[in-house]
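Novice: Heads up: the sequence lines are chains A and B, in that order. Letter by letter, the first sequence follows residues 1 to 265 in UniProt numbering. Letter by letter, the second sequence follows residues 1 to 433 in UniProt numbering.
If you're looking for bench data, these hints aren't it; they were derived computationally from the structure. Remember, it's a predicted structure, so these values are computed and weren't measured experimentally. C-beta: ideal position from N, C-alpha, C; glycine also. Any given hint might turn out to be false.
[As the list claims (entries may be wrong)] Partial chain B-side listing against chain A, Cβ under 7 Å, derived: (1) 268; (2) 317; (3) 405; (4) 417; (5) 430.
[As the list claims (entries may be wrong)] Among the chain B residues that face chain A by a calculated CB cut under 7 Å, a handful are: (6) 250; (7) 253; (8) 256; (9) 318; (10) 319; (11) 366; (12) 367; (13) 370; (14) 375; (15) 402; (16) 416; (17) 426.
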Amino acid sequence: MNNEPLAIPTMAEMAAQGKEPEILFWVGCAGSFDERARKITRDICKILHHVGISYAVLGTEENCTGDPAKRAGNEFLFQMQAMMNIQVLDGYNIKKIVTGCPHCFNTIKNEYPGVGGNYEVIHHTQLIQQLINDGKLKAEGGESFKGKRITYHDPCYLGRGNDVYEAPRAALEILDTELVEMKRCKSNGLCCGAGGAQMFKEPEPGKKDINMERIADVIEAKAQVVAAACPFCMTMLTDGVKNQDKEQEIKVLDIAEITARANGL
Amino acid sequence: MIAQIIFIIILGAAIYQFSKNVAKIRRNILLGKDTNRKDQPGLRWTVMAKIALGQTKMVKRPVAAVMHFFIYVGFIIINLEVLEIMIDGVFGSHRIFANPLGGLYGFLIGAFEVLAVLVLTACIVFLCRRNVIHLKRFTGTEMTQWPKSDANYILITEILLMTAFLTMNAADYKLQLLHFGHYVSAGSFPVSSLLAPLLPDGASALVITERVCWWFHIVGILCFLNYLPYSKHFHILLAFPNTYYSNLNAKGKFTNMASVTNEVKAMLDPSYIPENTGEPGRFGAKDVTDLTWKNLMEAYTCTECGRCTYVCPANITGKLLSPRKIMMDTRDRITEIGNNIDKHGKDHQDGKSLLDNYISREELWACTSCNACVEACPVNINPLEIITEMRRYIVMEESQAPASLNNMFSNVENNGAPWKYSQADRFNWAEEQ
Ligand code: SF4
Ligand code: SF4
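Here chain B stands alone, though its shape is the one from the complex:
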């Protein structure tokens, strides 16, 4: 009875804490400007099914894809097992699904065990790639202390959770063989039965092992759940809405700023009466709140895998730009703003901004707008849009474009071409051989 009460308290606290943090992230995301991503729901569901559920963009890197797939399937399926643990915890039952499911239960537990081994393998491979092989993608200036340890914490936690799960089953299996107490024969234990010889033979020692692992496993999962909002691992939840709200246009198509359309129309035709497009706001983005909620959602979805940076021509040739860093900076900044709101109220200004305090102009001007990063991202994140918005701010609000680009602008304006040639010479090519 006491165990049940303790369990219910822990479970309630974990869920409460988690919802609080998720609500905070949601609030932060909604600090962004509006953008319409609700059209064509049919297509959106398909994109989500393919990219998030079907992992189609992962396959470009086969080793990572297979390993990630193990963890991903493991995660989804093991949730079924967690459901049983929750019910058992609340009602003080033991393996409540065993009787009603019968043979199917045996099969399921067997499958979970196999998956647990696959997850363990994948986590070990991933740990090696990061810490032993030092894969290039996982280094880089933005991969500082925290992002590095974050990845390791996730992997180590998953290893611990899986080990606890298998040890718990092994003890249970042994107790079943002893026909001890309520440990009646349930399920088949293809993996943990192999571990059984490592455990003590005495029933009471086994019960203690089983209980300790049970608590460790479930409390571990609840802690892990609450770690998510602070971690890149949050992508396991956000990958779904993030792909649902994907950009469905051609990648080459940049947004046309409606506020500019009004001004340009008024310039070209003095009799034009501008449409009301709401508050004027700022051209482009200086800080994260000038970006759209979708940009901010992407920042929280980024898994820091670095596939974008790995294919970025600017990054490859040693320039300062790393699209992954653009996403991480955006997230760090919006989180900072969120924390400021919590501490000092809604209108607090800290005098900082995404531009200059986080992202330098040198990074922004290195981009060739090639869309390689957008193509590479396994969860359809678009770092290029943020880069473009920030360039817009620098050019239109500050008039601080590099001098050579200002020359280009004035050439376009005065000669109708980015080079300094006369408009009258534009058709000279027709005279040539």
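Isolated chain A (complex conformation):
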């Protein structure tokens, strides 16, 4: 493993040097602040470095996209955030964005155009799929996932929300693992319980929490690794696994982490 500190380029630095990167990496709030998600953020950067894509992040100039406000019904706050972000993005003349969060992905891709922000937006799993297809990423030189039972949890805002089902699976298929599907998957996938701003409130009263229901699917599929592609799903799934005392048997890993590990990054 390469332990040198990564130098993460920011848009401000790039602009100061008169450069424009090919792609902006939109990190998102979870990717910036959540301890677990920060590791994934760094893995995405490692992948970008590894394949030599010129990229940059906004760093402290980035702001919440407004997704949780919008899903909770606060359209004012959402549009304020959107318009401020669009000002920053357009100020740097950004055309193409990759993000590790399906919520940021959905919001910038689908809802920003309505308030004047037009960008080509892809999710990191789509970038990984492209890199694999172009032969730039292999799954060599790192940890072997061979023979492991891996299942993939579809984030609602990537899958049902935007019909991205194949890209994350393509990233797992090259690992030579045993990819198993849960009984509820793809367009029938079950929510992790965090969407629609639920992440930021206590769940309403009920029989159980949604992530517990979801973990039962993972356990039923007898998966050793459950692959996530969303920082919120990551939190919910990890909590679920902990709650069931299955931390030894089941690992929750993001597609970016798996890819970085498989390539020895």
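For chain A, the structure is supplied; the task is to place chain B with the ligands on it using the hints.
Specialist: Below, chain B with the ligands without anything else, positioned relative to chain A:
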């Protein structure tokens, strides 16, 4: 002659009554706000052909799909037969298509009979699923007395209508064998010929049986037609326009409220002159009239099948939310408003609203906006849009969001993140190993 006059009167009354009720539903739907669903007609026709005509979303549940398909095809095709009955009824003829169609007629009648048996089978299976097996999807708090009996009435009526049709044909078949009166040999009767031995042998008894069944069949159909506007069975008509006007955007894309855009632009840039977006109205939806006509059309299209509720993560884990109930409440409320208008005039206020009187806040806050309900609905209904609109009202008009969400809002506003972290720490991750 008298029979013809009676028939024409019944037919006219049935059509009049039906159009009146349909017009009422149309009026109610148009009480909703405008939304543009007229773009891309080509794609819209395709969606309708696939989802409504082709039933592509039904196949996810194979048993229901096959049974539903029988009833659906039966319904469409048997309309041809009803056409003949109407003409015969008005002109006093008997099996008017028999001569002109010749061999084809025989084939058609045979096909109708087979379909009738399939419809009968499907109805019996459906009745069992609801009343004997007690399938989970057909229970739930919103499945109270009326929705339950509504479903049973529909199935029983269809069984009666099909039985009458087959008995009528059996009597006709026997009369044909007797070469009685105008009952000249017409068609082939693969199913009803098997029933023939059960009927009396005397010609007059057979004529009575045939006539009684004929009247029962057609009057039954006309009554059923008039039952539709009061029933979830109305979906057989609305499924078509409802899928035509489907949302064609990605499911994750929520509407951007134009009225808010104006205010936000003015806030960010004091020199901005707002565009005129018409009357200001209310933010979000408190009552059904704050929803769009499409939301209301969906409410009248809902077949109460519960596929949405069955996949709803909130519902699965025992929370109060049921997307089917959202749709049923919306329909009940708009119907109530419509009835108020009929009784007390256009401006009558009954002091009630969809929020609180029908749908509780606890239901609304349980939604994860996962779109599972939208995906599952066989006729492209979107309960999530109604939920979101109502959340908008609670948050923007009432400022009554749950306290934890208000914290999140102020964090986003002040720190640019939903958590209480400083903006300056946003890039700290870059320093880590
Ligand atoms: S979007 Fe909301 S109502 Fe629909 S299935 Fe998901 S949680 Fe339930
Ligand atoms: S909204 Fe759709 S899925 Fe839900 S009960 Fe109505 S018809 Fe069925």
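Novice: Determine for every hint whether it applies to the structure shown.
Specialist: Status of each hint after checking the structure:
no.	hint	result
1	268	holds, 6 Å
2	317	holds, 5 Å
3	405	holds, 5 Å
4	417	holds, 4 Å
5	430	holds, 4 Å
6	250	holds, 5 Å
7	253	holds, 4 Å
8	256	holds, 4 Å
9	318	holds, 3 Å
10	319	holds, 4 Å
11	366	holds, 4 Å
12	367	holds, 5 Å
13	370	holds, 4 Å
14	375	holds, 5 Å
15	402	holds, 5 Å
16	416	holds, 4 Å
17	426	holds, 5 Å
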